[in-house]
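Please build the complete structure, drawing on both the sequences and the hints.
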Amino acid sequence: MAQHFPQVTLLITHYNRSSSLKNLLTVFHRQCSFGGIIVSDDGSLPTHLKALHELKKVFEFELITAEKNKGLAHNINKGQDAVKTPYTLYIQEDFEPNASFSTHILDAQQFMDQNRDLDMVRFYAYEKYPYLKSYQKGFSKMLI
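For the sequence shown, my numbering gives the first residue as 140, with consecutive numbering after it.
Just so you know, the hints here were simulated from the structure itself, not pulled from any lab data.
Don't take every hint at face value.
Derived DSS-like pairs (lysine-lysine); straight-line CA-CA distance at most 27 Å [as the list claims (entries may be wrong)]:
(1) K161 to K195
(2) K267 to K280
(3) K207 to K196
(4) K209 to K223
(5) K272 to K217
(6) K223 to K161
Every value quoted in this text rests on a predicted model; they were computed, and no experiment measured them.
Here you go:
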């Protein structure tokens, strides 16, 4: 059964990878649902914009577009400005969640509910952060 996260908005940044976005949304649709889904596009080509509008009919997300590419930081910020829930799960359109991902989202939300000093839970990074302390359930706390 799919897990529902009503206090979490899924924020997905997108640029010219509509087929990757379709794959991502399909996997999430099977695993979990959210209080909202926002796709923040950063000036994709018309063929990808057309595909986004078709995907919007199937997956019911809010689409925020831009006339031209202004960079990832701007794309994240304009998407975040539209979030109305207490929590945001930010990912890029080429992310591939595994079968246990919804369990980890639940863990992260519980951590933040229980410890108001936490303002972010990171699920993945290309480089290991050098100053980590074991926290809970396989997560680590960043010390600096």
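Hints violated by the structure (numbers, ascending):
5
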